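Residue numbers (the numbering used here), protein chains in the order written: chain D, 1 to 517; chain R, 518 to 868.
It should be emphasised that the hints constitute simulated quantities derived from the structure, not laboratory data.
As the structure is a computational prediction, the values presented were derived from the model and not from experiment.
Positions of the beta carbon are idealized from the N, C-alpha and C atoms, including for glycine.
Among these hints, one or two may not hold up.
Some but not every residue of chain R turned toward chain D, in silico, with C-beta under 8 Å [to be verified]:
(1) Asp757
(2) Glu759
(3) Ser770
(4) Arg784
(5) Glu799
(6) Pro852
(7) Val859
(8) Ile863
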Amino acid sequence: MTEVVDRPVTLAELLRLEELAGYEISGSKDRLDREVRDVVVAQVGGRTTIGRGALVVAAYRRSSGYEAELLLRKADTGGAVAVMLTGASRLMLSTRRLAERLGMPLLALPDADPVHIAWRVSRHVHDPERFSAVMLPRVLRRLRTPVTKPDELITMINTELGASSALLSSDGAVVAGERPDELPTALFERPVPQAIDVVDGHLVCAPVFVEDVRRPELWLIARIPSSHQYWAEGTLQALSAAAMAGANWAARQRLASERDARDRSTLLSELIDTGGAIPRHLAERAVRAGWRLDGWHTGVHIRVLSDPASVVRHTARVRRALDDNGFSGPVVERTDGWSCWTTENREPRSATYRDTTATIRKAVDAVSDDLDVVAGVGRPYTGPRGISTTLREAREACLFADAASKGGRVEHVDELGVRRVLADWYHAEAFRSYARTLLAPLLDAGDDQLVETLRTYLELESSTSATAAALRIHRNTVMHRIGRIEQLLSMSLSRSDERLVLQLACRVLRGGEERGD
Amino acid sequence: MWQLRAEDVRTLALGAALLGGGGGGSTRAAALVAERALRLAGPLTVIDAAELGADAYAAPLGLVGSVTVFEEKPLSGAEVGRAVAALERYSGVRLHAVLGFEAAGVNALLAVAAAATLGLPLVDADGMGRALPQLDQTVFTLNGLAVSPMVAADDKGALAVLDGVDGLLAEQLARSAVVTMGGWAVVVMAPQRGDDLARYAIPRTIHRALRVGEVLSQQDYGAVLSSHGGRALFRGRVVDVERGPRGRFGGGSAILQHLDDADRMLRVEFQNENLLVLENGEVRACVPDIICLLEADRCLPVTSEDVRYGLEVDVLVLPCAAAWRTPAGLGLVGPRAFGYDVPYSIPRGEP
Numbered sequence: 001m002t003e004v005v006d007r008p009v010t011l012a013e014l015l016r017l018e019e020l021a022g023y024e025i026s027g028s029k030d031r032l033d034r035e036v037r038d039v040v041v042a043q044v045g046g047r048t049t050i051g052r053g054a055l056v057v058a059a060y061r062r063s064s065g066y067e068a069e070l071l072l073r074k075a076d077t078g079g080a081v082a083v084m085l086t087g088a089s090r091l092m093l094s095t096r097r098l099a100e101r102l103g104m105p106l107l108a109l110p111d112a113d114p115v116h117i118a119w120r121v122s123r124h125v126h127d128p129e130r131f132s133a134v135m136l137p138r139v140l141r142r143l144r145t146p147v148t149k150p151d152e153l154i155t156m157i158n159t160e161l162g163a164s165s166a167l168l169s170s171d172g173a174v175v176a177g178e179r180p181d182e183l184p185t186a187l188f189e190r191p192v193p194q195a196i197d198v199v200d201g202h203l204v205c206a207p208v209f210v211e212d213v214r215r216p217e218l219w220l221i222a223r224i225p226s227s228h229q230y231w232a233e234g235t236l237q238a239l240s241a242a243a244m245a246g247a248n249w250a251a252r253q254r255l256a257s258e259r260d261a262r263d264r265s266t267l268l269s270e271l272i273d274t275g276g277a278i279p280r281h282l283a284e285r286a287v288r289a290g291w292r293l294d295g296w297h298t299g300v301h302i303r304v305l306s307d308p309a310s311v312v313r314h315t316a317r318v319r320r321a322l323d324d325n326g327f328s329g330p331v332v333e334r335t336d337g338w339s340c341w342t343t344e345n346r347e348p349r350s351a352t353y354r355d356t357t358a359t360i361r362k363a364v365d366a367v368s369d370d371l372d373v374v375a376g377v378g379r380p381y382t383g384p385r386g387i388s389t390t391l392r393e394a395r396e397a398c399l400f401a402d403a404a405s406k407g408g409r410v411e412h413v414d415e416l417g418v419r420r421v422l423a424d425w426y427h428a429e430a431f432r433s434y435a436r437t438l439l440a441p442l443l444d445a446g447d448d449q450l451v452e453t454l455r456t457y458l459e460l461e462s463s464t465s466a467t468a469a470a471l472r473i474h475r476n477t478v479m480h481r482i483g484r485i486e487q488l489l490s491m492s493l494s495r496s497d498e499r500l501v502l503q504l505a506c507r508v509l510r511g512g513e514e515r516g517d
Numbered sequence: 518m519w520q521l522r523a524e525d526v527r528t529l530a531l532g533a534a535l536l537g538g539g540g541g542g543s544t545r546a547a548a549l550v551a552e553r554a555l556r557l558a559g560p561l562t563v564i565d566a567a568e569l570g571a572d573a574y575a576a577p578l579g580l581v582g583s584v585t586v587f588e589e590k591p592l593s594g595a596e597v598g599r600a601v602a603a604l605e606r607y608s609g610v611r612l613h614a615v616l617g618f619e620a621a622g623v624n625a626l627l628a629v630a631a632a633a634t635l636g637l638p639l640v641d642a643d644g645m646g647r648a649l650p651q652l653d654q655t656v657f658t659l660n661g662l663a664v665s666p667m668v669a670a671d672d673k674g675a676l677a678v679l680d681g682v683d684g685l686l687a688e689q690l691a692r693s694a695v696v697t698m699g700g701w702a703v704v705v706m707a708p709q710r711g712d713d714l715a716r717y718a719i720p721r722t723i724h725r726a727l728r729v730g731e732v733l734s735q736q737d738y739g740a741v742l743s744s745h746g747g748r749a750l751f752r753g754r755v756v757d758v759e760r761g762p763r764g765r766f767g768g769g770s771a772i773l774q775h776l777d778d779a780d781r782m783l784r785v786e787f788q789n790e791n792l793l794v795l796e797n798g799e800v801r802a803c804v805p806d807i808i809c810l811l812e813a814d815r816c817l818p819v820t821s822e823d824v825r826y827g828l829e830v831d832v833l834v835l836p837c838a839a840a841w842r843t844p845a846g847l848g849l850v851g852p853r854a855f856g857y858d859v860p861y862s863i864p865r866g867e868p
């Protein structure tokens, strides 16, 4: 697209015009790159002068098919680039052979009027800028009905623009269509429509903005064969219009999924809040949502550590990860993550708890690339009330799960044992404020590492070498920090009472931070 | 003056078929008719137009209509006699001889049969010098000689006398009478004076057909070219045939692929006769020159109706009568008269 000077259009470019749709070509098919400088309507016996670079248009009458051969000869002598016959249904062998022999593309357009065609095509030949206006109306006409699937959009672009196109997410993953071979990595950095020259063609790229007006979430990319600059420009315009339709589709999808998420969340909250018997209307809604209220429920709570606002957007991802690992059941968006559960006819044996935890761990690992999550698993409970009980347990277990804990990112409530006794402590507001006061000297010292080192040191049974390994620092550094901590707090870690109270304070402080207090 | 014997008829038929240039119809049935007439009447006296005498009269005659129908519904034998009698009665002129208006194809043989049946000499001349589809495409019309009154007779006894019209209108009236008469009729044109025939008619065409037939029966078309002029254009196999509306009578196109050079293609446009030959988008030959297709192995003339896929043929071009190469002649029978928008041309150095 760096070329600014207008060059004449080529035959191949003209053949993409709607006016010439349905043409058949015989004769020389590899001479379509010839530049067309004029369009003339010719008659065999007529006096029309056929000049160099002319596209010769003539009416073909079957009863005088020999005329086509005389015309081919005349066109060749005059230096024409191609002969186009309107009304030609079947050309005889000698006509086709002659075109091949002369290296002259011979186009047949069965239902057309020569003068009309010549006039339409001639406008493009003499004013290539018109090319840029060809595609937009075609695409807009097709976009009168809203796009319901991205594949529809891609098919439409491919047929209307003669392109091979794809809808990509901003990280380059294919949403629909086929990924172009050569995709410049720099593309996604400039969120503006652009046409990039590649081998034998152009990549026309239009950003699709859904929520963020500065950062496109999707890209529409169409590969077109080598084209006149105005053709590429027109394609770019048309693709930008298609991109709007794409954005529209994405926004509609998002709206629908948020509405579904809200419905699910509300239903679950109502189920949990309802004490005693489940009212009939609630039971009906649960059935409509595909939830079984009877049977044995095993709850899982997944908590997002990074950005709780992104919960709805990632539901599909989480559901897929759970499904893939064999945990299928409702997945409901909550304020801090997701509640999920499975329902079975019989009470699962306690031996299966370990399997469930392993399953969830795999699912959490699967999404851990782009989601920082931890999960907790509850024990199985039966009946409608069972759902809220197991989910509450799961949520509690979740509080203890983090990367450093014994169970890793997933905790089963049954394995927490004594830690659950401590859970009440953590929730007590009085102890929490005491903990903050106790650790204030460390916090005020402006060195986050001190609290972290203290916590790790206490969790790992006051082992300096284990702490050094967990924090990936030198053992001497650990000893130096512990000395500094004792000094700042005026406490000694050799005393068991003080050690206990400091460990509790560390845990409470950490839990509180994680809940965003 | 010379004698034509019954034994000569088959040779004459072969030559007449070639000179038909794809038209003129199949000569098979007409040859049988002529042969039988000569066997009954004895050798036929054939005279040159000059031998006729300036004040003597001879009428051009022949078959008009479909040769296909003629083969299935043959002559009753009385048509010519009735038509000539009616013409003599109507015009008050006594005929001294007859001639064919078309000394090619079926009509060369019918002229022989008619002369033998009538017991009159045959003038060795005709109005076309080849086969042409219309009654007005004769040197008589070209030179302003009246062809009416004209009599058409069918096999059932019907007679039609056309008078007061000449040229294309006479052709159209006769043609409509022929349709009503059942597909063909014997037409006898107005009697022509001996001196007019000597001056305008195309001479010695029966003799030429006989000579061509003789040479062709040796299966050597090269000898035809050396003795009668003309050129061999192409030897090829028919690879495509298309038939459809062309001109007044319908026709088609045949594509030939050269036997030795598969890249060469020849296009033959025909109506009744072969009229135009193109190679590489250039005219190789056109009407009024006589464009003949010969079966490559048997050296037999091929009519345009018999052209079919796979047939191997030689394409020969024989020169037409000089009268047709004048501007007026080309106006009457040149390529534009048949709807081909090309000028008549003879490639440089060709006869």
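Results for each hint:
For the restraint placing Asp757/R at the interface with chain D, the shortest Cβ-Cβ distance is roughly 4 Å, inside the 8 Å limit, so the hint holds. Hint status for Glu759/R: holds, given a least beta-carbon distance of 6 Å to chain D, under 8 Å. Satisfaction of the interface hint for Ser770/R is found here, the shortest Cβ-Cβ separation to chain D being roughly 6 Å, below the 8 Å cut-off. Taking 8 Å as the C-beta cut-off, the interface hint given for Arg784/R holds, the closest approach to chain D being about 5 Å.
For the restraint placing Glu799/R at the interface with chain D, the shortest Cβ-Cβ distance is roughly 6 Å, inside the 8 Å limit, so the hint holds. Among the interface hints, the one on Pro852/R is violated; its C-beta lies about 11 Å from the nearest C-beta in chain D, farther than the 8 Å criterion. Because the closest C-beta pair between Val859/R and chain D is about 7 Å apart, less than 8 Å, the hint holds. Residue-level restraint check for Ile863/R is violated (minimum Cβ-Cβ distance to chain D is 18 Å; threshold 8 Å).
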